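Sequences listed follow chains D and X, in order.
The first sequence begins at 0 in numbering that gives the first Met the number 0 and counts up by one.
The second sequence begins at 0 in numbering that gives the first Met the number 0 and counts up by one.
A few of these clues could be false.
No more than 30 Å apart at the CA atoms, straight line, and that leaves these computed lysine-lysine pairs for DSBU-like [what the hints assert, rightly or not]: (1) K32/X with K163/D; (2) K38/D with K104/D; (3) K172/D with K202/X; (4) K273/X with K399/X; (5) K367/X with K257/X; (6) K38/D with K416/X; (7) K91/D with K38/D; (8) K273/X with K134/D; (9) K118/D with K202/X; (10) K239/X with K326/X; (11) K350/X with K118/D; (12) K405/X with K424/X; (13) K68/D with K273/X; (14) K271/X with K68/D; (15) K104/X with K51/X; (16) K295/X with K32/X; (17) K172/D with K399/X; (18) K172/D with K293/X; (19) K202/X with K134/D; (20) K273/X with K306/X; (21) K271/X with K416/X; (22) K367/X with K399/X.
It should be emphasised that the hints constitute simulated quantities derived from the structure, not laboratory data.
Keep in mind it's a predicted model, so treat the numbers as computed, not measured.
In case you want the letters, here they are:
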Amino acid sequence: MKHTLKLFLSGLAVVAVSSCGRDANDPGIEYAPDMYVSKGYEPYSQLADVTRSITDENGKTWVINQDGKNMREPVKGTIARGQLDYVFPYAKTPEDYERAGAELKNPLPASEENLAEGKRLYEINCTPCHGASGKGDGTIVQDGKYPPPPSYDSDRIKTTAEGKMYFSITYGKNLMGSYASSLSPTERWQVIHYIRTLSGTAAAPAAAPADSTTAPKQ
Amino acid sequence: MRIKRLALSLTLILSSFGFIKAQDVAAGEKVFKANCIACHAINDKVVGPALKDVEKRRDEAWLIKWIKNSQEVISSGDAYAVELFNKYNKAPMPPFASLSDGDIKSLLAYVKKESETPAAAPTASASSTASGTTSATQAPAAPQDSFYNNYTFMALLLMAVILLVVVIVLNRIKGIVENLYKTKFPEEAAANEVDPRTTISYKLFKKHPVVGVLSVLTIVMVVLAGYGFNYGNTEVGVQKGYAPTQPIAYSHELHAGKYQINCQYCHSTASKSKQASIPGANTCMNCHMHVTAKDKYNGQVSPEIQKIYTAIGWDAEKREYIPNYEKKPIKWIRIHNLPDHVYFNHSQHVKVGKIECQKCHGEIQTMKVVAQNATLQMGWCIDCHRQTNIDLQGNKYYEKLHAELKKEGRSDITVAKNGGMECSKCHY
Numbered sequence: 000m001k002h003t004l005k006l007f008l009s010g011l012a013v014v015a016v017s018s019c020g021r022d023a024n025d026p027g028i029e030y031a032p033d034m035y036v037s038k039g040y041e042p043y044s045q046l047a048d049v050t051r052s053i054t055d056e057n058g059k060t061w062v063i064n065q066d067g068k069n070m071r072e073p074v075k076g077t078i079a080r081g082q083l084d085y086v087f088p089y090a091k092t093p094e095d096y097e098r099a100g101a102e103l104k105n106p107l108p109a110s111e112e113n114l115a116e117g118k119r120l121y122e123i124n125c126t127p128c129h130g131a132s133g134k135g136d137g138t139i140v141q142d143g144k145y146p147p148p149p150s151y152d153s154d155r156i157k158t159t160a161e162g163k164m165y166f167s168i169t170y171g172k173n174l175m176g177s178y179a180s181s182l183s184p185t186e187r188w189q190v191i192h193y194i195r196t197l198s199g200t201a202a203a204p205a206a207a208p209a210d211s212t213t214a215p216k217q
Numbered sequence: 000m001r002i003k004r005l006a007l008s009l010t011l012i013l014s015s016f017g018f019i020k021a022q023d024v025a026a027g028e029k030v031f032k033a034n035c036i037a038c039h040a041i042n043d044k045v046v047g048p049a050l051k052d053v054e055k056r057r058d059e060a061w062l063i064k065w066i067k068n069s070q071e072v073i074s075s076g077d078a079y080a081v082e083l084f085n086k087y088n089k090a091p092m093p094p095f096a097s098l099s100d101g102d103i104k105s106l107l108a109y110v111k112k113e114s115e116t117p118a119a120a121p122t123a124s125a126s127s128t129a130s131g132t133t134s135a136t137q138a139p140a141a142p143q144d145s146f147y148n149n150y151t152f153m154a155l156l157l158m159a160v161i162l163l164v165v166v167i168v169l170n171r172i173k174g175i176v177e178n179l180y181k182t183k184f185p186e187e188a189a190a191n192e193v194d195p196r197t198t199i200s201y202k203l204f205k206k207h208p209v210v211g212v213l214s215v216l217t218i219v220m221v222v223l224a225g226y227g228f229n230y231g232n233t234e235v236g237v238q239k240g241y242a243p244t245q246p247i248a249y250s251h252e253l254h255a256g257k258y259q260i261n262c263q264y265c266h267s268t269a270s271k272s273k274q275a276s277i278p279g280a281n282t283c284m285n286c287h288m289h290v291t292a293k294d295k296y297n298g299q300v301s302p303e304i305q306k307i308y309t310a311i312g313w314d315a316e317k318r319e320y321i322p323n324y325e326k327k328p329i330k331w332i333r334i335h336n337l338p339d340h341v342y343f344n345h346s347q348h349v350k351v352g353k354i355e356c357q358k359c360h361g362e363i364q365t366m367k368v369v370a371q372n373a374t375l376q377m378g379w380c381i382d383c384h385r386q387t388n389i390d391l392q393g394n395k396y397y398e399k400l401h402a403e404l405k406k407e408g409r410s411d412i413t414v415a416k417n418g419g420m421e422c423s424k425c426h427y
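For reference, chain X alone in the conformation it holds in the complex:
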């Protein structure tokens, strides 16, 4: 009986202890996610050190003091604190005076529990994301809808070849049959024989050779001219489908598609200037200071991301910029290139016209390698100017025009009607 009671109370104590501990960990997780996660991780160095086994390095009282006001600990001359501060580029940890001792104890319980958990979970999720990306890699590349580069054309070509073979074979058979006919029935054959002087080929080439040769030449010229016109119109100066291999295998599909990063995050001057700027490596570093894709490359920095680091001089191990580094700008290859005799301004279209980037550049968010989507020919510009109505509603730029249109009782006007077809608007 006594032993039973003792056992019961013991289990009660143990279970309540376990319960409190679980609660602590849950509360600690909350504290961690609300306050610490922006700069700390359990296993990795982020802005501040990895928190794994922190309770083995420092005692609880020190940690509480440090978390509540780290600067105070440093200025008190604590050797460990000063060394830590200097080691981490003198980035001060903000004081968390609002956290109670209990909060910090829960937090430490959470960190202890996480430290003991082997870091297996992230690898599993990493491999799943990795497989996700590989399946994306195998997705077919955007079809290039060139006239000569599709299955319909290939099928037609094949059929033409087959028909040609059939014609040749039939021709041979016809010849054989005719010869047979001539030898078997010479009289009938002679009677059916057409006078060669009545055929078209005789009249053209034997009787009037000049006319014959000229007409053949004319036909050849017309065919060649047609071909030349088509070539000039669709190939010369038309770079549609141009998809050069860039110095870094940057995927718009991943950044603009999966992560939905706005185009203007990187091309920040599209709404302010003629050019939609190519981002500097510092823009890449906004994320890639932290995102290294190490989980997909056996703990190494992704070779493509490493190219950014080489360009800007970032030491991924120490997580700092290499002092006095000679930067090597990334030489991106320009895709859309208008000749000098045309003026095009991005801000005019993005900010005033409120045109979506995709309207001209195509579904960029699905492109692993960017290909030029539009022909950039004048007809293409003009077509759009003819069809597009100016967005007048609440558009400060067109306030005056809007007011005048209202006077005339009209509510819309195309770009072309507002001077979008005048030569000197784009050519000067």
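One chain only, chain D, in its complex shape:
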């Protein structure tokens, strides 16, 4: 009797100790911390020690990652491989806006594939303000948080050159921010193709060449 009582009590004590809920800020026990906070440079991690340095054969000291960032900024004036279409030789000025409108043409054919991808990207990035149908009636606008952008089927947008649209997506315009960090150049042109269908000024769908999803290299 006494022993069963003791067993029961100890069992109860074990349960009682472990019954406290975990704090929401506590990630809990990691069985191999090096595997979670790795020594290698992982995305979205930061070096704790920004003073770490190496000395080269000439005795000169170089600080590794002065700014604590894992990713290095590209050397000024260089272009990474495969990113030639990121080169955008227009400044954020009204004059270059006009120039982009006159010079830039959509390099992608209005193929089914490009339109489908353009639609997907439009629905992700543009609908909060411009609305699914492009009338400027997105969820944020409807709630009165944001002034409505012009409707795509208005005469002013219908006659806006594609180059100007590309300029606006890249740099932003008025209350619209820049989408250069969310949309690659190819994606921007795909979205423009889709916007053309919303404003009813789409070119007739062209037969897609083999590599139609990538913008031709300049």
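Starting from the structure of chain D, add chain X where the hints point.
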């Protein structure tokens, strides 16, 4: 008679005047909403200046000229125009040549009427939205379905304690009754007395103490081992329910739930890369350049939104970026963290697998504070790979596989059957 006629005509003139005015205002509102509202508001500076009392600042002829082609007015050297242009960061107002003089007059009538209306209406709607949000704030937090952290468990624990007390009390009563019995009826008690040497406890602990101690130890070990196994399996390296306080009280419930902003609007690389990117402050600024929640904070920028401005260097008063500002990146706390010995790729699941974010991350659009929804244990991965059929229809990535399956007369295949269970797919 004459006076009556005069009065009648006067009322007619007045009423028609009023009628025309109302019509003007309505037409002006239309013009305003179609052309101006993207950059102008009546009471607030947006991209361009607030339009309140504009007719008191400039005369009608100037305004018509300006609206039709502002750049022309500026290049003509008009001092006021040049100053205005420079003050507003040289953002040109596009020409509205398509508007007629009548349109612009209606527009100005609308602006005049709006200027005279006290700005009471927006406050009322603001307070209503504010109360809406507070009621949302009081909504219960997502329950954490930990084994030890729910009402059923607490109730069971309470019952166990009560039963224990009952057992102890009954035991005492039994002892008292037995003692009473022994003193009242000593003979019967002696006759009923069991020989202590026949009891189990005597046999185990007195006669064979080694066996007794070993069996007790075994029982204790089994209980502890079971507990340890359960702990290791459900706690160590399992961060389900982890919901850290982030540097900015960003609510997914508001952004993804109420405003239905697509997950990939902010986490834009989920379909392109291994990581579903954490958005930079510039993505926040796409909306928060304008949305300051001032109406809820007595005209001040919301302290949480101010944190974005501090990070990126935005002057909310002047509505411009502070030049040469040393940016202070927002240090978001990572929630989902797989150890290095596992490979997981977002684009593979989002773009090729067409899996919804919610399938792994839970109902994010209802979370005020994001909590890890899945255990991220291998069993959880494998279960899904076993049960999920690859989406073959129109999936360019699996065209070849689809064709080969068709040859065999099959139409579906699970992820597991296509190598989703091979160790080296995720561990290498």
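Hint-by-hint comparison with the structure:
This hinted pair checks out: K32/X and K163/D have alpha carbons roughly 23 Å apart, not beyond 30 Å. Only pairs whose Cα atoms come within 30 Å are accepted, and K38/D paired with K104/D is rejected, the gap being roughly 47 Å. Only pairs whose Cα atoms come within 30 Å are accepted, and K172/D paired with K202/X is rejected, the gap being roughly 91 Å. Proximity of K273/X to K399/X is assessed by CA-CA distance (about 24 Å); at most 30 Å being required, the pair is judged to hold.
As the CA atoms of K367/X and K257/X are separated by approximately 11 Å, the hinted pair is consistent with the 30 Å bound. Note on K38/D and K416/X: the hinted pairing is violated, with a Cα-Cα distance of about 35 Å set against a maximum of 30 Å. Between the alpha carbons of K91/D and K38/D the distance comes to roughly 41 Å, so the proposed pair goes past 30 Å and is violated. About 35 Å separates the Cα atoms of K273/X and K134/D, which puts this hinted pair outside 30 Å; it is violated.
At most 30 Å may separate the alpha-carbon atoms for a hinted pair to count; K118/D and K202/X exceed this at roughly 82 Å. Proximity of K239/X to K326/X is assessed by CA-CA distance (about 33 Å); at most 30 Å being required, the pair is judged violated. The hinted pair formed by K350/X and K118/D meets the criterion: a straight-line CA distance of about 15 Å does not exceed 30 Å. Taken as a hint, the K405/X and K424/X pair is honoured in the structure, with Cα atoms around 25 Å apart against an allowance of 30 Å.
A hinted pair counts as satisfied when its Cα atoms are at most 30 Å apart, and K68/D with K273/X qualifies at roughly 19 Å. A C-alpha spacing of about 22 Å is found between K271/X and K68/D, which places the hinted pair at or below 30 Å, so the restraint holds. Under the criterion of a C-alpha separation no larger than 30 Å, the hint pairing K104/X with K51/X is consistent with the structure, at around 15 Å. Restraint check for K295/X and K32/X: satisfied, since their Cα atoms lie roughly 25 Å apart, inside the 30 Å limit.
A C-alpha spacing of about 44 Å is found between K172/D and K399/X, which places the hinted pair above 30 Å, so the restraint is violated. Of the supplied pair hints, the one linking K172/D and K293/X holds, its CA atoms being roughly 23 Å apart against a limit of 30 Å. As the CA atoms of K202/X and K134/D are separated by approximately 89 Å, the hinted pair breaks the 30 Å bound. Our distance criterion of 30 Å between C-alpha atoms is met by K273/X and K306/X, whose separation comes to about 28 Å.
The straight-line distance between the Cα atoms of K271/X and K416/X is roughly 25 Å, inside the 30 Å bound, and the hint therefore holds. Note on K367/X and K399/X: the hinted pairing is violated, with a Cα-Cα distance of about 43 Å set against a maximum of 30 Å.
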